[in-house]
Amino acid sequence: MSVGTIAVKPSQLTAPKPIGVAGLVLGALAWVITLPPFEVRTIVPSIVLAVIGVGAGVAATLGGERKIGIGSIVIAVLAVLGAIASLKSSHSTLGVVFVWSALVAAALRYATPLIFGALGGVICERSGVINIGLEGMMLMGCFFGIWGADLLGSWVLGLVVAMVAGGLLALVHAIFSIHMRANQIVSGTGINFLALGITGYWFTQHYGPNGTPTNVSQVPNVKLPLIQHVGFFGAAFGDMNLMTWIGLALVPAMTFFLFRTTWGLRLRSVGEKPRAADTVGLPVLRIRYVAVIVSGMLAALGGAYLSVGFVGSFSNNMTEGRGFIALAAMIFGKWKPWGALWATLLFGFANALADRLSQPNPTLGTLFEALPYVLTLVAVAGVIGRSRAPAADGIPYIRE
Amino acid sequence: LTRLEDELEATAEQAPEAMLESPARLTAFRRGLGGFFIPLLTTLIAFIAAGLIVLLTGHNPFSTYKAVFNGTGLNWLFPWVSGSTRSTAAQDLQQTLLLATPLLLTGLAVAFAFRAGLFNIGGQGQYTVGAIFAVWVGSNFSGMPAILHIIFAIVAAGLAGAIWAGIAGFLKATTGANEVISTIMLNWIALWVGVYLFQLGGPLQDPTQSSVPVSKTVADSAKLHVFWGNPLLQGLDIGIFIALAGAIVFWALIKRTRLGYEVRTVGFNPEAAKYAGMNVGRSYVKVMLICGAFAGVAAALDILGWKFQLFTNDIQTSQIGFYGIAVALLGRNSALGTVGAALLFGALITGTSQRNLDPNVFDPTLAQYLTYMIEGLIVLLVSTDVIALRLVKGGRRISVVWKGRKRDEPAPAVEEQG
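Protein chains in written order, with my numbering: chain A, 33 to 432; chain B, 278 to 695.
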């Protein structure tokens, strides 16, 4: 774990790393300039940028920064392909797809449940417990959130019920993986099946074929009076759901907790070196229990956003694998809150783009849905820097 | 060689001392009745727990389970069942066995990986890719002779599944990428690629039905022969024998081949395997290729046996590959156990299906979710048992890779055993 500060000295600018990063940026620009509002309609500038990007990539690779270097070469090639695609599309198509403010707003909407889920994953795995069951915990929050809001007549209480339900399911995972020393991946898989069964059963039993009522209390949107009507910012951020703001606020909060507080340090030490943590008197198992349960509550909030926050109803298996994307985001973000946030925004953006692409081209949008998974596959393969999990992640701890 | 194998197995089973008092007893237990006893007990507990939920929600668990049982068609086995009940039961039993066929193969796909200490969550993706290739080969090339066409389709599906799983094996061998994560990702990639291909306007969508997101229909020459029941009412096709042959191949591979020995050694202790001169990375690739082939063939048997076409909705909701995880775990990753577990889950899913469960006794929609609960409970309960008896090696390997240690550092054996 290096949490060093970033200080760029002039001499470092000629080092391979900044060159590689510049290559990344230039490569990406090769595509961006062909999009609105720039809309360069010839390929030449893109090719020039991409060639410089490849050159910087090669320089960085030769200088020892292989991953960034190869990354910028790949980005440059992809950007040229993207630029060709943009040039082949008409001006009006580009106008329909790349409405930046709407794209950003949609990306944030898609990212919100993932942020909660990924933060839940971060806290769980930082304490040394693998959580494949995020999907199930999200699904619990998704159903019980709206059930609670319907039953108790308030979205606040609905969110509380969601957290209790997610926390309870997480408790099951905790008991199995901490006390009964189960294989945590198997246990998490079981958790997912169980959640699918519990929510579907309860939903059918309670609501029957009519589904949830239409007038359930919903989490409100936050209308920012100052910027609501200010062009891009107004359309992108002026009318976001309260839970999106909470999710975004949780990222620095979680970072502060994990890396700047005593309890955060304790939690991380339990996940890295439980034996040492035990030796200095930390209650290893208890810390892990708390972490797993909190993780279930966070994931449940993410699920609840879908039902109580965004859609206002529930359907079976509503999370549809978002827990797995959250898991992917956590790994993509290298088990760090900020990294997880960038990953969820990237994945959310891919989703939003897929949505908008489906207007001019219904078939192609579908392929974009696979993008988060392809990126994560590339990430775990170590192409974009090595993702390293906490040292004791997945190993049950047994006191001597 | 055989003695060595025995020693290896024995040591593997002695490792989790914490769970039972005496390692010797544990070994004896497993060799004898215990091998069947614990899975049976697990299943029983899961069914009782689910029964309690049925009771708590105001239904009668006994009549529910009786209706589910009758829905499975297993009452066909009772000689006193006769008349129309018997013919209905026969149809139901055909359904159960039709479903057990792919479950057996996806179960083997997960079990084979477990034997090598790998966790293949990607059975679903391998199944999807296999289904895409099976339906593509099956619906084209209609001029081929039947036998060749069928073999072509099955081999294509098997190869496709193998390559899909092989990606995960290759990534693990070359970059150390955790196969749990990579197979989950491959599942979703396969799903979206499948939806892309067959959706409205997709490249492989049936051109004669432009408003239905479905593939073309499999040609008659590629359909598997139905030997029991009415082919028009989804009678039982010969696919089940191919699946059973798959179980025999699994057993023979594990017990009678050099590869199987390698697989078990790698699964037990990758370090030792490496020092014994085995190429661990290459065995990971081989293992995943074989796993994927099992799952791919499972899809081919479904497509050529009774589905004949592939809907995008089917791709998105299919759970066959995920059930395979439960099947393998409950079957303790052995060939015979997997056959039994596949039958159990095939029966459970059929018995709780919309088509077979009497809605006057219990709502089939509820029953389907009851099935998921039972599945979840079984997997949860097996998760501790499995780590004790078989998976200590697998579990340890996963955790070692997960935390991305260097290969030459010692495995955390001390912590595991306390």
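Hints may be right or wrong, so weigh each one.
For lysine to any residue, the following SDA-like pairs were computed, each having C-alpha atoms within a straight-line distance of at most 20 Å [to be verified]: (1) A:LYS366 / B:TRP357; (2) A:LYS99 / B:THR452; (3) B:LYS563 / A:ILE79; (4) A:LYS255 / A:THR395; (5) A:LYS99 / B:ALA450; (6) A:LYS99 / B:TRP357; (7) A:LYS366 / A:THR287; (8) B:LYS563 / B:PHE588; (9) B:LYS563 / B:PHE585; (10) A:LYS255 / A:LEU135; (11) A:LYS368 / A:LEU378; (12) B:LYS343 / B:SER364; (13) A:LYS99 / A:PRO77; (14) A:LYS366 / A:LYS255; (15) A:LYS305 / A:HIS211; (16) A:LYS366 / B:SER364; (17) A:LYS120 / A:LEU94; (18) B:LYS551 / B:SER487.
If you are wondering where the hints come from, they were derived from the structure by calculation, not from laboratory data.
Tell me, in ascending order, the numbers of any earlier hints that this structure violates. 1, 3, 4, 6, 8, 9, 13, 14, 16, 17, 18
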